[in-house]
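K.L.:
Chain by chain, the residues run as shown.
Number of protein chains: 2
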Amino acid sequence: MVPHLITSLTGPINELEARIIDSMPAIERWFRLEWMEHTPPFYTSVDLRNAGFKLAPVDTNLFPGGFNNLTPEMLPLAVQAAMAAVEKICPEAKNLLLVPEKHTRNPFYLMNVQRLMQIFTQAGLNVRLGSLDAAIKEPTRLALPDGSELLVEPLVRNRGRLGLKDFDPCTILLNNDLSAGIPGVLEDLHQQYLLPPLHAGWAVRRKSLHFQSYEEVAKKFAKLLGMDPWLINPMYTQCGKVNFSEGAGIECVKSNAEALIAKIRRKYKEYGINEKPFVIVKADAGTYGMGIMTVRDPKELDELNRRTRNKMSVIKDGQEVTEVIIQEGVPTYERVNDAVAEPVVYMIDRYVVGGFYRVHADRGIDENLNAPGSSFVPLAFAESNLLPKAGSKPGASAPNRFYMYGVIARLAMLAASYELEATDPEAEIYE
Amino acid sequence: MVPHLITSLTGPINELEARIIDSMPAIERWFRLEWMEHTPPFYTSVDLRNAGFKLAPVDTNLFPGGFNNLTPEMLPLAVQAAMAAVEKICPEAKNLLLVPEKHTRNPFYLMNVQRLMQIFTQAGLNVRLGSLDAAIKEPTRLALPDGSELLVEPLVRNRGRLGLKDFDPCTILLNNDLSAGIPGVLEDLHQQYLLPPLHAGWAVRRKSLHFQSYEEVAKKFAKLLGMDPWLINPMYTQCGKVNFSEGAGIECVKSNAEALIAKIRRKYKEYGINEKPFVIVKADAGTYGMGIMTVRDPKELDELNRRTRNKMSVIKDGQEVTEVIIQEGVPTYERVNDAVAEPVVYMIDRYVVGGFYRVHADRGIDENLNAPGSSFVPLAFAESNLLPKAGSKPGASAPNRFYMYGVIARLAMLAASYELEATDPEAEIYE
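Chains as they are written, first to last, in this note's numbering: chain A, 1 to 431; chain B, 1001 to 1431.
Don't take each hint at face value.
With the C-beta cut set under 8 Å, the calculated list includes, among others, these residues of chain B facing chain A [claimed, not checked]:
no. : residue
1   : A1018
2   : I1027
3   : I1089
4   : E1092
5   : N1126
6   : P1229
FYI, nobody ran anything at the bench for these hints, they're computed from the structure. Quantities reported herein were computed from a predicted structural model and do not represent experimental measurements. Glycine is no exception: its CB is placed at the ideal position from the N, C-alpha and C atoms.
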């Protein structure tokens, strides 16, 4: 299904699209060369915002939880990419242990887990689920909306190896982002492949470092295409010691927001963009769309109400927010049936395998859409993303737009790869 | 589009399908391990025959010429597989030189060339066409049915490298099966990747060696699944000095055909198959569906008419037939709209990327369908081949059937890989 889209793609983004389509072989070669030097994350999803004058990733998830939102038509690509990934990591693998989020009976999330099991089963692995939830003391069946069930089993740790009863996996695939910290049972697993690595979890990861890496990637890519990296790069600053509930450190957020808004205003002026700049303040280690606020005027920060303070204080798994990233707000001008929409691109290994639009009827173009009330419309990525057509009018061809989305999402994935190298505790240092 | 099929899948093949679906992770792992030791051909197509009691490859093409018969939905898989292939062979590649069949203005073949160019362009390469045809002395435009054009250019050989004017490729991809012999211009290209290698062409290749390798692969696979390899392996013998037009060496063909028919009859008896055995006599180095005859009774060989003698004497590019393979005939019990059909599976690198049914309304179930008058019905492979479903009734699920076809086709591809190792003139020998 191709969603009905009303998108105002204007000026710079049409030029960007045309340049990307024209440079396709050069871009693909550039990615090939980057992947010779850097290892892609095992799987990645990237939220994009297309403002018409700018297209940028705003969030890069290394534990994607929406595989159920991909259309069945995208499955073969996902299976093929999973085969390529498995082959590189552990070709002799028989068994894959999948560790999902704990404490969740959210049927959408469980459908994501089911879809992941399907993908890796079809890639040729025996897949079973092991839970980090201490309450799972015996094999437990979780019901799915389609009437089927998932069987979640307690983890069994034997010295250097993690598995289940009578199940010794070669690879452990985390679909749990470790927001609550790194559980002991996952530490020191040197005999098995643990993917993504522990330092990809939110116990270690910081958005600000990701966007620092992304800036580096965006600059390289912009040089390749001879363009201003700002067209694809959201500017950001950060504050390290914030306590919203006590009102501490808010001054830093305010002054950084002021400075960033001034920088955005200059860029808008340079490009003749008639928009009101805004910034997004987000927990630097946050996820699940929690701990996010839109700031249109820094003065708003002086008078935060209790609800906002609470919202910004505690995020997933009850973690307190003390570090925030202040990011250039990129409005989204994409619409699905009049509701504000943003594209989400899914990747396995280095391959784009699908995507969808996150749609929210009650949110504005400058607000976070990853919030209760959002829904998902599959993108016709499977048919289109790999099939751009030179010579189409910029902004008028869905395959060309999806190809562009796939390119920008892969830049964010490459940034995550740089980021994971920088934070790898076992990295060898050559100086 | 899923073709309307009437297939009588009975007895053994349903059991084979059930066994293959149940063993899927073991099968995929087995392939992964085989591909650690052996390099898949760059691209491969395999003709299968499903007799209901037996499913076997009958022809393995290392220069597939029907990419145009794949549905557009299969393209993304082909592009992704091509990316994986390019990445392994020559990741720094910018340019790919594609060498098509010469002397052909067949619009279907030209559409195949166009499709190949599209796949490799979208995998991120600059693709141009270079002709082995000495008559192509300057860039020549060939019209396609859709109104577009292909530009074919004369090859330029500079010492160790082959290219076009102002075009120096990293990889040369042959879509010309070298039936006419190995042209000097392709020899000693040690600085570039020439794929498939010269010894994959029909100047060197022999069907009998392929099926010898296939027998080895089928035995290994049958052991993995605990079954009789005959269920997937067509038996064969060969004759080396035959001249149909002069009537020489036909005695060898006749006695081998008699012996093979007797062997088939014993197998049919063992399985209670109520069919009349037959054999197929084919040029050992032949292709294009030329030089093929069905022999139901060896006595027919005593009284070959002039037309048949001529048909069996000369094949593609005017090559004389002197070696033949006598292969167990596998009837096809697949039907598309009442016409006899056989599945053809397309692969790039180790991945199944699509397939179609070759359909011939005027041919019998025991005849070669690769003949004038055949047409093509795309298989819904892209959606289905990678998505088998455990628990479906054997013979009743299209995805399970297509998965089985993909497995048997990959066995034939693996056999081709063994075969190319055995015939590699540059192979190092460890004894």
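K.L.:
It remains to establish, for every hint, whether it holds in the given structure.
P.N.:
Hints, one by one, checked against the model:
| no. | hint | in the structure |
| --- | --- | --- |
| 1 | A1018 | violated (17 Å) |
| 2 | I1027 | holds (7 Å) |
| 3 | I1089 | violated (11 Å) |
| 4 | E1092 | holds (6 Å) |
| 5 | N1126 | holds (5 Å) |
| 6 | P1229 | violated (22 Å) |
Checked against the numbered hints above, the structure violates hints 1, 3, 6; every other hint is satisfied.
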